[in-house]
Structures are given as C-alpha cells and as structure tokens.
Amino acid sequence: MSGFSVTEPSNRQKWIAAVLVILYALITIAPLLWIIATGFKSPEDAIAYPPKVLFEPSLEGYVNLFTTRTRITEGMQQTLPPPATWYQQIARDSGTMIAGPSRYGQRFLNSVVIGFGSTFLSIFFGTLAAYAFSRFRVPIKDDLLFFILSTRMMPPIAVAIPIFLMFRQLGLNDTQLGMILLYTAVNLSLAVWLLKGFIDEIPLEYEEAALIDGYTRFQAFYKVVLPQAATGIASTAIFCLIFAWNEYAFAVLLTSGTAQTAPPFIPTIIGVGGQDWPAVAAGATLFLIPVMIFTILLRKHLLRGITFGAVRK
Amino acid sequence: MAEVTLRNISKSFGPQVALADVSMTVPDGSFVVLLGPTGAGKTTTLRMISGLDRPDSGTILVDGTDVGAHSPAERNMAMVFQQYSLYPHLSVHDNLAFPLKSPMLRTPRDEIARKVAEVAEILQISHKLDNKATELSGGEMQRVSIGRALVRDPQIYLMDEPLSSLDAKLRSDLRIELKRIQASMGATLLYVTHDQIEAMTMATHIGVLDEGRLVQFGPPREIYENPVSIYAASRLGSPKINILPADLFPGAPAGAAHIGLRPEHIRLGEGIEARVKRVEHLGDQTRLHLTINNHDLITLTDPHTTDKPGDTVKITPQTPLCFDAGGDRIK
Chain R
0 MSGFSVTEPS
10 NRQKWIAAVL
20 VILYALITIA
30 PLLWIIATGF
40 KSPEDAIAYP
50 PKVLFEPSLE
60 GYVNLFTTRT
70 RITEGMQQTL
80 PPPATWYQQI
90 ARDSGTMIAG
100 PSRYGQRFLN
110 SVVIGFGSTF
120 LSIFFGTLAA
130 YAFSRFRVPI
140 KDDLLFFILS
150 TRMMPPIAVA
160 IPIFLMFRQL
170 GLNDTQLGMI
180 LLYTAVNLSL
190 AVWLLKGFID
200 EIPLEYEEAA
210 LIDGYTRFQA
220 FYKVVLPQAA
230 TGIASTAIFC
240 LIFAWNEYAF
250 AVLLTSGTAQ
260 TAPPFIPTII
270 GVGGQDWPAV
280 AAGATLFLIP
290 VMIFTILLRK
300 HLLRGITFGA
310 VRK
Chain V
0 MAEVTLRNIS
10 KSFGPQVALA
20 DVSMTVPDGS
30 FVVLLGPTGA
40 GKTTTLRMIS
50 GLDRPDSGTI
60 LVDGTDVGAH
70 SPAERNMAMV
80 FQQYSLYPHL
90 SVHDNLAFPL
100 KSPMLRTPRD
110 EIARKVAEVA
120 EILQISHKLD
130 NKATELSGGE
140 MQRVSIGRAL
150 VRDPQIYLMD
160 EPLSSLDAKL
170 RSDLRIELKR
180 IQASMGATLL
190 YVTHDQIEAM
200 TMATHIGVLD
210 EGRLVQFGPP
220 REIYENPVSI
230 YAASRLGSPK
240 INILPADLFP
250 GAPAGAAHIG
260 LRPEHIRLGE
270 GIEARVKRVE
280 HLGDQTRLHL
290 TINNHDLITL
300 TDPHTTDKPG
310 DTVKITPQTP
320 LCFDAGGDRI
330 K
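Residue numbers (numbering that gives the first Met the number 0), protein chains in the order written: chain R, 0 to 312; chain V, 0 to 330.
Be aware that one or more of the hints could be misleading.
[Claimed, not checked] If the Cβ cut is set under 7 Å, some of the chain V residues that face chain R in the computed set are:
#1 HIS69
#2 MET78
#3 GLN82
#4 TYR86
#5 ALA182
#6 SER183
#7 MET184
[As the list claims (entries may be wrong)] Computed list of chain R residues with no C-beta within reach of chain V, every gap over 10 Å:
#8 PRO50
#9 MET96
#10 ARG102
#11 PHE123
#12 PHE124
#13 PRO202
#14 GLU207
#15 ALA209
#16 LEU210
#17 THR215
#18 GLN218
FYI, nobody ran anything at the bench for these hints, they're computed from the structure. Just so it is clear, CB atoms sit at the ideal spot from N, CA and C, and this is done for glycine as well.
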C-alpha cells in the first residue's frame with residue numbers, strides 16, 4: 000500500500016465507539032421495548048404513574064386484541080358457568096365476557112396480502128423496467144426516468160382525492176386489489192430507480208457470454224442478471240414492504256371494511272371499553288413481526304454485498 | 000465446423016471507424032490469427048462474427064449461409080472473451096457446464112460431467128472445479144473462460160487474446176494444447192493476439208489489421224517473408240524489422256524510400272561501417288544494437304561474440320525489403 004495507511008484504532012477509541020453504538024441502539028430500541036412491555040401489562044399498570052418498569056405480566060392485552068367482549072355485572076358473575084378456557088378466565092377476571100373474535104386477525108391478513116402482494120408486483124415490474132432502462136436504447140429514456148421519479152416528488156396523499164374518485168368509479172374502493180395496485184404504483188418509482196442502479200453495476204459482458212453460450216436474451220436475464228441483482232432486489236423489496244406495511248393515510252381513506260389493513264384498525268381498539276393501551280400495544284407488537292422476519296430472511300443477501308466479479312476491467 | 004466468410008464488413012461507433020470494408024474467408028479447419036495494435040478492429044471483427052454486434056454494412060456467411068439475421072445463440076459459435084466474463088454466481092464447474100445446459104444444446108447429464116472433467120484436465124483446473132468463479136487468480140479465470148468454449152463443438156471458436164494473462168510456462172503449454180485440439184478436431188478458430196509467437200506457431204493464416212482495414216491475409220511465412228507494407232512487416236519478427244532510409248546503402252531500386260532489414264537480411268563482416276552501441280545477451284541469441292549515421296538498427300550475432308560497445312563492425316544488406324515513400328512494398 001502506498002499513498003495512505005489505515006492505523007488500527009486504539010483501545011480507547013474502540014471503547015468510545017462501542018459506547019456510542021450501544022447508546023444509539025438503546026435510544027432507537029427504547030420505544031420498541033416500551034411497546035412490547037406495554038402489551039404484557041394490565042390496563043392499570045399501563046397507565047400507572049410513575050411508569051412501571053417491573054410489573055406482573057398479563058395476557059389481557061392480547062386477549063382483548065383478538066376478542067370483542069361485553070361487560071358483566073357482579074350479579075351475572077354468579078349465574079354464569081365457570082370459564083372454560085384460559086382466555087375466558089382472563090376476560091372474566093377483568094369483569095367482561097368474550098362475545099366473539101375481533102377483526103384484528105382479518106385486518107392483519109389484509110396487511111399481509113396487500114403488503115406482500117404490492118411488494119411482489121413492485122419488484123416484478125421494477126426489475127423488468129430497470130433492466131430495460133439499463134440495457135436497451137429507450138427513446139427519451141432520461142425524460143421517462145425523470146417522469147417516473149417525479150411521481151415521488153409530492154407526498155402521495157396529495158393525490159388522494161383523485162384516487163378516491165377513480166377507485167369509486169372502478170369499483171376498487173375497499174378491495175385488496177385496489178390497495179395492492181395503489182401501493183405498487185407508489186413503490187414502483189422507487190423500485191425502478193433503485194434496481195436500475197444495481198443492474199447498471201452488473202457488467203454487460205455476462206449477458207454477452209450467455210448469449211454466446213446459447214441462451215436467449217430473456218434466459219440470459221433470468222439466469223445471469225437476476226442472481227447477481229439479488230442484493231438490489233432484496234433491499235428494494237424491504238423498502239417496498241416497509242412502505243406498504245406501514246402506510247396509514249390511504250388505508251384510512253380507501254378501506255373501511257373488507258380490505259382494511261392493520262394500521263388504521265389498531266387505533267380503533269382504543270375506543271372499545273375505555274382506553275385499552277395494552278391491546279393497542281399488543282396489536283402493534285404483532286404487527287412488527289412479519290417485517291422483521293422478512294428483513295432477517297433477506298439479510299444475508301444484503302450483507303453479501305456486491306460480488307466483485309470475474310470480469311477483467 | 001464451418002467456413003466463415005466476411006464480405007465488405009464495415010462498422011463505425013459514432014465517428015470512430017472500427018472496420019472498413021473487411022473481406023476475409025476463414026477456411027474450414029483453419030487457425031486464423033488476427034494481428035494488429037489496440038484499436039485495429041480485431042475484437043470488433045470477432046463481435047461481428049459472433050452476432051454480439053451488427054455490421055453497418057456487409058454480410059457474414061457461415062458455410063455459404065447469410066447469418067446476418069441470426070442471434071448469437073443461433074449462430075452456434077464459442078467465444079473466449081478478453082475480459083473472461085465468468086459468471087460470478089456460479090462455481091467453476093457450473094461455468095464450464097453452462098453452455099452445455101443451454102436450450103440450444105440440452106446435453107445429457109453424464110455427458111456434461113464427462114466433457115467438463117475432460118476440459119478441466121486439459122486446462123489444469125480440475126482441482127478448482129468447486130470454487131466460485133470469483134475465487135480464482137487471473138490466470139485460472141482465463142483458463143476457465145477458454146474451457147467454457149472448449150466444452151462445445153461449435154461452428155467456429157472465436158478467441159480474444161485467450162492466453163494474455165497466463166505465465167510463460169502455462170502459456171506455451173496451452174499454445175501447444177490449443178493447436179493440438181484444433182488440429183485433431185479439425186476445428187475452425189479465429190484468434191486475436193498481440194503475441195507474434197502465438198501468431199507464428201499456431202496460425203495457418205494471419206490477417207493483419209490496420210485501423211479497421213485488412214491489409215494482408217495469408218500464411219504466417221508469407222506475411223513474414225513477403226509483407227505488403229512497412230506496417231505488415233512490423234507485425235512479425237523479433238527483433239523487429241529495421242526500417243532505414245533507402246540511400247543509407249548503395250544499390251537501392253528506383254522509387255524506394257525505405258528499406259526493411261530483418262536480422263537475416265544483414266550480413267556481418269564486410270560493407271558499411273557501423274558502431275556497436277549495445278550488446279544484449281539473451282542466452283539463446285545475442286542482439287547487437289548498431290548505429291550508422293545516427294540511424295539505429297538491431298541485428299543478431301553469434302551468441303559468443305566478443306563485440307562490445309564502441310567497436311566497429313561492417314554490415315551488408317542482403318535482398319532487403321524495399322518500400323516506397325508511403326510505406327508500400329516495392330517488388
């Protein structure tokens with residue numbers, strides 16, 4: 000090595016770095032831990048002041064999240080048969096009786112279908128478009144790319160009213176398909192730009208070699224380009240999923256019943272039988288899990304980084 | 000294997016002329032080497048034939064059939080890229096098997112295994128078959144990229160400086176091996192190189208390219224002994240041909256502006272006096288750097304010569320090559 004050298008950091012510097020990183024991690028993760036903890040508190044503990052760090056864990060929040068309940072009086076308590084299951088017991092202890100399942104499960108399922116569906120479509124169309132923009136001589140390419148980017152220059156909610164009217168005309172209001180299409184449309188510009196960057200980095204030589212080796216252009220694309228774009232596809236997919244998963248404003252506006260996702264549903268839990276913070280926290284905790292799993296599954300592609308290839312520069 | 004014919008191929012990249020009206024026939028079973036400096040159009044010629052680029056004008060015939068509209072896959076040609084172009088996500092084995100698995104070939108599994116093992120053996124990369132393509136040295140990558148061509152039985156092999164980053168020993172091994180494969184299989188090969196030893200030892204025909212034009216095409220000996228111009232004469236020969244003013248020696252033919260002297264055209268012992276500037280002992284040969292009236296020339300002498308710098312020797316040109324002012328040969 001000439002020209003510059005990297006000196007090994009001293010122990011002191013390492014310690015400072017470690018402390019800073021841990022501090023940052025704690026600050027970032029604190030709200031998350033608070034939410035998770037609140038989900039396991041009783042309603043009294045949840046609103047206790049000063050806040051309780053140590054508390055007796057309770058599943059009341061989770062039971063409340065998944066059920067609808069009716070309040071029962073002391074007198075009724077005597078006449079009812081004893082609770083048959085542990086969750087009925089929990090409900091009974093808080094002076095209620097389970098009337099039926101809540102709609103959380105179904106809302107959650109909507110979120111899964113819409114989130115992953117729109118992510119899949121964004122990646123599918125985004126990869127094809129990015130490949131075309133990267134490799135082919137597209138007329139007015141730069142203008143098209145700028146146009147695609149420009150769809151993200153205003154907050155998506157700014158076009159909420161036209162979209163609302165359009166959806167009503169097309170019968171897409173409150174449908175999973177409508178939400179999938181909407182989130183795909185919003186995510187596509189991000190996907191095209193991110194993926195184009197990744198595909199630009201893959202040398203053309205690999206495809207040429209595949210063409211010579213007896214493959215068609217499309218076969219070269221999915222046998223040679225796609226595997227090498229895995230890093231880009233994985234990170235783009237995570238971005239798309241996080242957006243679609245967390246999106247609130249459109250979900251409130253365009254869904255109400257059958258296609259409602261979890262984000263607009265969770266706050267409505269508050270209203271049922273007082274301010275039920277543990278149930279809200281439980282809903283939020285469970286809501287985090289799919290994105291976390293998805294990110295962890297794709298992490299190895301992110302960490303693998305760019306393969307410095309077998310092409311001589 | 001097939002005969003490949005180029006007819007009046009021209010190609011420009013913007014204002015840059017890459018090929019100008021190139022016509023050439025690569026006969027079936029021949030080993031044709033393209034010579035020329037960087038930018039002469041060697042690689043462009045290979046890309047035209049393979050179908051990776053389309054010519055602006057002209058036709059390419061394979062066994063008499065115009066392949067202008069055929070995709071690279073349909074042309075069934077194997078190509079060794081100068082920049083290797085190994086698939087980084089695949090192992091060495093899978094890189095070698097990749098062309099055999101193509102929809103064009105659909106080779107049975109046991110035959111893939113046999114061919115890959117055979118080629119890996121020839122190229123001395125059997126021990127690396129399970130490596131990722133990215134975990135190889137430059138020389139190993141280059142051998143894998145040659146192997147990816149050799150596993151096939153194509154119409155023609157196109158090779159773009161395939162031995163350039165190998166060490167001397169491996170390079171001479173593979174030179175012999177490639178020539179052997181070509182001769183025993185009756186393969187047709189079009190080969191691009193800078194290395195004149197490769198050109199002289201392997202080629203049945205040499206094509207000399209100069210700024211996109213094919214200036215001479217013929218057997219290596221003919222190019223060496225009978226070059227059409229100073230440019231063509233300079234492509235072959237080590238030490239390089241000496242180009243001197245024609246009037247430096249008596250007896251130059253009318254119209255000659257330059258004479259070209261290869262070492263075998265220079266007789267030492269009598270004639271014009273030349274001063275020895277430097278003596279290079281290369282082991283198998285000894286190079287004598289001479290100067291006559293401020294014109295330098297290099298020739299070969301007896302390996303055990305006692306000449307040393309400052310000495311004077313006498314030289315006479317013998318049947319030199321004569322060129323006119325434009326560099327063209329006068330016969």
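Results of checking the hints against the structure:
1. HIS69: violated (12 Å)
2. MET78: Holds, because the Cβ-Cβ distance from MET78 of chain V to chain R comes to roughly 5 Å (cut-off 7 Å).
3. GLN82: Given a least distance of 4 Å, the restraint on GLN82 of chain V holds.
4. TYR86: holds (6 Å)
5. ALA182: With a minimum Cβ separation of about 24 Å from chain R (threshold 7 Å), the hint on ALA182 of chain V is violated.
6. SER183: violated (23 Å)
7. MET184: violated (19 Å)
8. PRO50: holds (51 Å)
9. MET96: Label holds. Min Cβ-Cβ 59 Å, cutoff 10 Å.
10. ARG102: holds (45 Å)
11. PHE123: holds (20 Å)
12. PHE124: holds (23 Å)
13. PRO202: Answer for PRO202 of chain R: violated, closest chain V Cβ roughly 8 Å.
14. GLU207: violated (5 Å)
15. ALA209: Given that some Cβ of chain V is not farther than 10 Å from that of ALA209 of chain R, nearest at about 8 Å, it is violated.
16. LEU210: Given that some Cβ of chain V is not farther than 10 Å from that of LEU210 of chain R, nearest at about 4 Å, it is violated.
17. THR215: With a cut-off of 10 Å, THR215 of chain R comes too close to chain V, as the shortest Cβ separation is near 6 Å.
18. GLN218: Answer for GLN218 of chain R: violated, closest chain V Cβ roughly 7 Å.
Violated hints, listed in ascending order, are 1, 5, 6, 7, 13, 14, 15, 16, 17, 18; each of the other numbered hints is respected by the structure.
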